[in-house]
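Participant: With chain A fixed as given, assemble chain B onto it according to the hints.
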Amino acid sequence: MSTAVALSDPVLDELRAILGDDHVLTGLSARYNRTRVPSPFPVHRWKDYVPDVVVLPRTAEQVSAVVKLANRYRIPVVPRAGGTGLADGAVPLRRGIIVDVKLMNQIHEIDLVDRTVTVGPGINMLKLNEELRKHGVIYPDDPASYPCSLVGGRIGTSGWSLLGSRYGHTRDLVISMQWVLPNGEIVHIGDGGGRKIRKSSTGYQLKHLFMGAQGTLGIVTQATLELVPRPEVEFAAFFAYPDYQAAWESTGALARSGLATLAGVVLFDEWKLRYLRRDDEAYIPQPDDVQAVVATAMYGTRDEVTPAARRLMRIGHETGGRYLGDEISQGDWASRHDRYATPLHGRLRDGQVVPMSWHCEDAALNYSVLPQVREEWHAIADRFIERHGIFDDWGMFAYTNGAYKPGGDYLVEIDIGIWEQKLNDENWAAWVQCKREITEVTLKYGGSITACHGSTREGDAEYVPAEMGGGFEVMKAIKLALDPNNVMNPGKNELDRSYQPVGSGEG
Amino acid sequence: MVGFKLSLQKPPEAKRINDDVIMRFDDVYEIAPEKMQIFPQQDLPAWDTLRIVASRWDHLDWMHAHWADSTLGAEEIEAGADAATETETEAR
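For the record, the sequence lines run as chains A and B.
Heads up: the first sequence is residues 1 to 507, going by the numbering used here.
Heads up: the second sequence is residues 1001 to 1092, going by the numbering used here.
Next comes chain A alone, as it looks inside the complex:
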């Protein structure tokens, strides 16, 4: 198994020969700024995770050369795109080389005939869509980090899109990729062989294996993406309910409506409403009988959306919802494309405001278990808040999870604020234990640890073998075969177990 090494001058000299002097960064600020991601971080141990060097490649050949060098010297390599992930995928647990792909941000080709755009992994979706707008098309991958996350990171985490029920999630929107394997070889990864082929039965479906690999199986250097017509119309409607049960039943009815233009249905629970009524200007004026909210959104042509919206409004009303009005519906919906712009504060038990960073647990759970999971998750959070004081429960939401076929399962988040400045080893250990207990509830109810962020954080990663079952042995075998020196993002997803001798009691 590789271990982090302080890089010697010959290694740095080789990196400079590959990339040029200006694209090999050893300064403290360059390295410290690429250590963490926005999710709560053990800031008291920041320096334990600072990479040894940052490189900024511009071509696949340069990425390949860096990975080959890393194998020769057994240096960990961690790819990093926007650094907006919420599960530490881009955090270099063993230091080493950060491969920052931000300079690989070109649009290589727009093909309006076969409906694809081919880009580098360093491009941002918002900037890409500004260019695509000129052609009447969009790339509809829309995370809450839309203005700041990059295509490479979306592939690394197998991202989840706010518009996924209508247009699919990242895995559905990426058609094929150019990929640098852990041995440095450059290969095509897709559904079969064609760069612009959406469905193939040739060989193994490698796209799904590499999608969401969190940098443990190599680095994407180019991606061919789906194009869809730019929507003529956007429609958003938010409904209020006097209790969670009514809102949950209404969510089910809306999600099962069969309306093809439906982009998503989101259920906010009572804890979320208490948080919003306390600290969100749109909800402060809401009366006390608003105990839960269901949000919906649609996109498409005017001819499709207008009658579909009419039916959606009817379902909302018939299931007990009170429409909250155009201003809050449209304003709140627009803000959901950009949650990273929100300055975050939380409250102590006595109501005092303190700065907090934002953690969101992001399990995938079936519709039927949402009410019970909600009770158990909040009970866990409340116990840790009472005991440690530096956490704050910001409530839960459940968001339709299935691409094109919403309703059966949901991305379920509990948002918890953490006063990072107060973190120490004891508080951090408590936080990780809180995450573990939340994860155990998820697995007890047949869910998955993560719908979108990835299972690479402490408190989640330990449960990957339990969730995957026998499939974890397959993961280990793949990792060992493709990355025999464990250079690619070591320490993630419990994959270090791939390198332990048979009979060591692990696995």
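Hint data in this document are derived by calculation from the structure and do not stem from the laboratory.
Any given hint might turn out to be false.
When the alpha-carbon atoms are kept at most 20 Å apart in a straight line, the in silico SDA-like pairs for lysine to any residue are as follows [claimed, not checked]: (1) A:422 <-> B:1064; (2) B:1035 <-> A:352; (3) A:127 <-> B:1068; (4) B:1035 <-> A:277; (5) A:134 <-> A:228; (6) A:127 <-> B:1064; (7) B:1035 <-> A:134; (8) A:405 <-> A:226; (9) B:1035 <-> A:351; (10) A:422 <-> A:458; (11) A:405 <-> A:311; (12) A:422 <-> B:1037; (13) B:1035 <-> B:1023; (14) A:68 <-> A:478; (15) A:127 <-> B:1035; (16) B:1035 <-> A:344; (17) A:102 <-> A:148; (18) A:199 <-> A:111.
The following residues of chain B were derived to be distant from chain A, with all beta-carbon distances above 10 Å [what the hints assert, rightly or not]: (19) 1012; (20) 1013; (21) 1042; (22) 1043; (23) 1045; (24) 1050; (25) 1051.
Short, incomplete list of chain A residues facing chain B, as computed with Cβ under 8 Å [unchecked claim]: (26) 232; (27) 235; (28) 278; (29) 281; (30) 284; (31) 286; (32) 306; (33) 313; (34) 326; (35) 351; (36) 355; (37) 358.
Bear in mind the structure is a predicted one, so any value in this text is a computation, not a measurement.
For every residue, glycine included, the Cβ atom is placed at its ideal position computed from N, Cα and C.
Facilitator: For chain B alone, kept in the frame of chain A given last:
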């Protein structure tokens, strides 16, 4: 010419909305000062508060226009449905 005068930019007196919230400008809510004892709210001139609020609306408008050619409102939908129903009824 009258130069910038901070006194003219003093925010209006706050109205109490509830135990947690005050309001100085219409629909612009602020956390009550007694809940910000550990990290006190900084003093903002009126123009800066109004600039921030206007920027937020600009941003949301931009986001709507970014994703679609137009935004359809439920109030318009339901008014249209009512009008259609009325037209149908009259036709009978």
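Participant: A separate judgement is required for each hint: does it hold in the structure or not?
Facilitator: These are the hints, each one checked on the structure:
Our distance criterion of 20 Å between C-alpha atoms is broken by residue 422 of chain A and residue 1064 of chain B, whose separation comes to about 39 Å. Restraint check: the Cα-Cα separation between residue 1035 of chain B and residue 352 of chain A comes to about 5 Å, which is no more than 20 Å; the hinted pair holds. This hinted pair checks out: residue 127 of chain A and residue 1068 of chain B have alpha carbons roughly 15 Å apart, not beyond 20 Å. With a C-alpha separation of about 15 Å, the suggested pairing of residue 1035 of chain B with residue 277 of chain A holds against the 20 Å cut-off.
Note on residue 134 of chain A and residue 228 of chain A: the hinted pairing holds, with a Cα-Cα distance of about 13 Å set against a maximum of 20 Å. Distance restraint check for residue 127 of chain A and residue 1064 of chain B: the Cα-Cα separation of roughly 15 Å lies within the 20 Å cut-off, and the hinted pair is therefore satisfied. Between residue 1035 of chain B and residue 134 of chain A the alpha-carbon distance is near 48 Å, which puts this suggested pair outside the 20 Å criterion. Proposed proximity of residue 405 of chain A and residue 226 of chain A is supported: the alpha carbons are some 19 Å apart, at most 20 Å.
For the given pair, residue 1035 of chain B sits about 6 Å from residue 351 of chain A by alpha-carbon distance, which is consistent with the 20 Å threshold. Only pairs whose Cα atoms come within 20 Å are accepted, and residue 422 of chain A paired with residue 458 of chain A is accepted, the gap being roughly 19 Å. As the CA atoms of residue 405 of chain A and residue 311 of chain A are separated by approximately 18 Å, the hinted pair is consistent with the 20 Å bound. Proposed proximity of residue 422 of chain A and residue 1037 of chain B is supported: the alpha carbons are some 17 Å apart, at most 20 Å.
Between residue 1035 of chain B and residue 1023 of chain B, the direct Cα distance comes to roughly 14 Å. Compliance with the 20 Å bound is thereby established for this hinted pair. Between residue 68 of chain A and residue 478 of chain A, the direct Cα distance comes to roughly 19 Å. Compliance with the 20 Å bound is thereby established for this hinted pair. Using a Cα cut-off of 20 Å, the hinted pair residue 127 of chain A and residue 1035 of chain B is violated, with the two alpha carbons roughly 40 Å apart. Between residue 1035 of chain B and residue 344 of chain A the alpha-carbon distance is near 15 Å, which keeps this suggested pair within the 20 Å criterion.
Simply put, residue 102 of chain A and residue 148 of chain A have alpha-carbon atoms about 11 Å apart, close enough for the 20 Å limit, and the pair holds. A threshold of 20 Å between alpha carbons decides the hint, and for residue 199 of chain A with residue 111 of chain A the separation of about 18 Å falls inside it, so the pair holds. Non-interface status of residue 1012 of chain B relative to chain A is upheld: no Cβ of that chain comes within 10 Å, the nearest being about 17 Å off. With a least CB separation of 19 Å from chain A, residue 1013 of chain B remains clear of the 10 Å interface cut-off, as annotated.
The non-interface label for residue 1042 of chain B is consistent with chain A: the shortest C-beta to C-beta separation is roughly 13 Å, beyond 10 Å. For residue 1043 of chain B, the shortest C-beta to C-beta distance to chain A comes to about 16 Å, beyond the 10 Å cut-off, and the non-interface label holds. Once the 10 Å rule is applied to beta carbons, residue 1045 of chain B is consistent with being away from chain A; the minimum gap is 19 Å. Residue placement check: residue 1050 of chain B keeps its beta carbon more than 10 Å from all beta carbons of chain A (closest about 14 Å).
With a minimum CB-CB distance of about 16 Å to chain A, residue 1051 of chain B clears the 10 Å threshold, and the non-interface call stands. Taken as an interface hint, residue 232 of chain A checks out: its beta carbon lies about 5 Å from the nearest beta carbon of chain B, inside 8 Å. For residue 235 of chain A, the interface hint holds, since its Cβ comes within 8 Å of a Cβ in chain B; the closest pair sits about 4 Å apart. Annotation: interface hint on residue 278 of chain A holds; nearest CB of chain B at approximately 6 Å, less than 8 Å.
Proximity of residue 281 of chain A to chain B holds as hinted, the smallest CB-CB distance being about 5 Å (cut-off 8 Å). For residue 284 of chain A, the suggested interface contact is upheld, since its CB lies about 5 Å from the closest CB of chain B, less than 8 Å. Here the hint on residue 286 of chain A is broken, as its CB sits about 11 Å from the closest CB of chain B, past 8 Å. Look at residue 306 of chain A: its Cβ gets to within about 7 Å of chain B, closer than 8 Å, so that hint holds up.
Using the Cβ-Cβ criterion of 8 Å, the hint placing residue 313 of chain A at the interface with chain B is satisfied: the shortest such distance is roughly 6 Å. Given hint, residue 326 of chain A at the interface with chain B, holds; its Cβ is 4 Å from that chain's nearest Cβ, closer than 8 Å. Proximity of residue 351 of chain A to chain B holds as hinted, the smallest CB-CB distance being about 5 Å (cut-off 8 Å). Taken as an interface hint, residue 355 of chain A checks out: its beta carbon lies about 7 Å from the nearest beta carbon of chain B, inside 8 Å.
Contact between residue 358 of chain A and chain B, as hinted, is not supported at the beta carbon level, the nearest pair being about 17 Å apart and thus beyond 8 Å.
Hints 1, 7, 15, 31, 37 from the list above are not met by this structure, while the remaining hints are.
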